[in-house]
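Asks: First to last, the protein sequences are chains A and B. Residue numbers for the first sequence, in the numbering used here: 27 to 139. Residue numbers for the second sequence, in the numbering used here: 34 to 146.
One or more of the hints may lead you astray.
As the list claims (entries may be wrong) - Pairwise CB distance ranges (calculated):
no. : chain 1 : residue 1 : chain 2 : residue 2 : range
1   : B       : Pro112    : A       : Glu85     : 27 to 37 Å
2   : B       : Phe84     : A       : Ile80     : 40 to 50 Å
3   : B       : Gly86     : A       : Asn88     : 22 to 32 Å
4   : B       : Ala131    : A       : Met67     : 36 to 46 Å
5   : A       : Pro109    : B       : Thr88     : 43 to 53 Å
6   : B       : Ile145    : A       : Arg103    : 37 to 47 Å
7   : B       : Trp116    : A       : Gly42     : 41 to 51 Å
8   : B       : Pro73     : A       : Gly29     : 12 to 22 Å
9   : A       : Ile80     : B       : Ile42     : 20 to 30 Å
10  : A       : Thr46     : B       : Ala50     : 37 to 47 Å
11  : B       : Pro73     : A       : Arg103    : 26 to 36 Å
12  : A       : Gly42     : B       : Glu97     : 46 to 56 Å
13  : B       : Gln104    : A       : Ser93     : 36 to 46 Å
Since the hints were made in silico from the structure, they are not lab data. Ideal Cβ placement from N, Cα and C applies to all residues, glycine included.
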Amino acid sequence: NAGVTQTPKFRILKIGQSMTLQCAQDMNHNYMYWYRQDPGMGLKLIYYSVGAGITDKGEVPNGYNVSRSTTEDFPLRLELAAPSQTSVYFCASSSRRSTDTQYFGPGTRLTVL
Amino acid sequence: AQSVTQPDIHITVSEGASLELRCNYSYGATPYLFWYVQSPGQGLQLLLKYFSGDTLVQGIKGFEAEFKRSQSSFNLRKPSVHWSDAAEYFCAVVITGANNLFFGTGTRLTVIP
Numbered sequence: 027n028a029g030v031t032q033t034p035k036f037r038i039l040k041i042g043q044s045m046t047l048q049c050a051q052d053m054n055h056n057y058m059y060w061y062r063q064d065p066g067m068g069l070k071l072i073y074y075s076v077g078a079g080i081t082d083k084g085e086v087p088n089g090y091n092v093s094r095s096t097t098e099d100f101p102l103r104l105e106l107a108a109p110s111q112t113s114v115y116f117c118a119s120s121s122r123r124s125t126d127t128q129y130f131g132p133g134t135r136l137t138v139l
Numbered sequence: 034a035q036s037v038t039q040p041d042i043h044i045t046v047s048e049g050a051s052l053e054l055r056c057n058y059s060y061g062a063t064p065y066l067f068w069y070v071q072s073p074g075q076g077l078q079l080l081l082k083y084f085s086g087d088t089l090v091q092g093i094k095g096f097e098a099e100f101k102r103s104q105s106s107f108n109l110r111k112p113s114v115h116w117s118d119a120a121e122y123f124c125a126v127v128i129t130g131a132n133n134l135f136f137g138t139g140t141r142l143t144v145i146p
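Please construct the entire structure, taking both the sequences and the accompanying hints into account.
Replies: Given below as structure tokens:
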């Protein structure tokens with residue numbers, strides 16, 4: 027049982043480049059989330075999804091896009107990378123509600139230079 | 034403004050000593066309350082959560098937390114700390130009707146032999 031997996035683990039981007047952070051879960055969870063964690067700060071929600079085909083913005087959605095075509099996958103897209111997007115990105119999932127336990131992936135460390 | 038506050042950025046304790054990590058929230062109603070732990074280089078793992086009922090909740094790894102409505106607090110405790118408890122600890126809330134966790138800024142715990 028892999029839980030929540032994220033790829034890549036590390037990535038360095040140049041300003042203006044694009045990339046997709048991959049997230050997959052094998053627990054058949056309905057809810058999925060993308061958070062970013064900046065040094066000395068708590069996690070902040072970027073986007074979330076309550077099921078396939080349904081996504082919504084969180085606290086800090088600017089500069090990001092998401093899609094949810096399947097229950098398992100929830101990729102996060104950065105279209106024009108900026109230094110302000112240097113962060114650690116965590117994907118998480120929960121079964122049916124946001125109050126259910128959220129299971130986190132190991133994170134992707136992204137640096138934009 | 035609504036917020037989750039963890040007033041201690043960094044705490045150092047000796048192995049075997051007791052531990053208390055503070056968390057205060059500022060919301061109109063009692064939110065759902067959580068404590069997560071993040072080991073170095075890892076994702077977050079749920080330690081415990083409080084929704085209602087008994088205000089003292091037990092979690093994994095020997096941790097407990099007490100909800101005090103009058104103080105808007107949800108402090109995490111452990112009677113005897115082990116070296117493996119060294120990690121970052123996050124208090125988080127889900128507001129009624131919301132779809133995501135709001136995190137505090139975290140407390141980093143160092144355990145000395």
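Asks: It remains to establish, for every hint, whether it holds in the given structure.
Replies: Each hint tested on the structure:
{"no.": "1", "hint": "B:Pro112 / A:Glu85: 27 to 37 Å", "result": "36 Å, holds"}
{"no.": "2", "hint": "B:Phe84 / A:Ile80: 40 to 50 Å", "result": "25 Å, violated"}
{"no.": "3", "hint": "B:Gly86 / A:Asn88: 22 to 32 Å", "result": "40 Å, violated"}
{"no.": "4", "hint": "B:Ala131 / A:Met67: 36 to 46 Å", "result": "19 Å, violated"}
{"no.": "5", "hint": "A:Pro109 / B:Thr88: 43 to 53 Å", "result": "45 Å, holds"}
{"no.": "6", "hint": "B:Ile145 / A:Arg103: 37 to 47 Å", "result": "44 Å, holds"}
{"no.": "7", "hint": "B:Trp116 / A:Gly42: 41 to 51 Å", "result": "45 Å, holds"}
{"no.": "8", "hint": "B:Pro73 / A:Gly29: 12 to 22 Å", "result": "19 Å, holds"}
{"no.": "9", "hint": "A:Ile80 / B:Ile42: 20 to 30 Å", "result": "37 Å, violated"}
{"no.": "10", "hint": "A:Thr46 / B:Ala50: 37 to 47 Å", "result": "46 Å, holds"}
{"no.": "11", "hint": "B:Pro73 / A:Arg103: 26 to 36 Å", "result": "28 Å, holds"}
{"no.": "12", "hint": "A:Gly42 / B:Glu97: 46 to 56 Å", "result": "49 Å, holds"}
{"no.": "13", "hint": "B:Gln104 / A:Ser93: 36 to 46 Å", "result": "43 Å, holds"}
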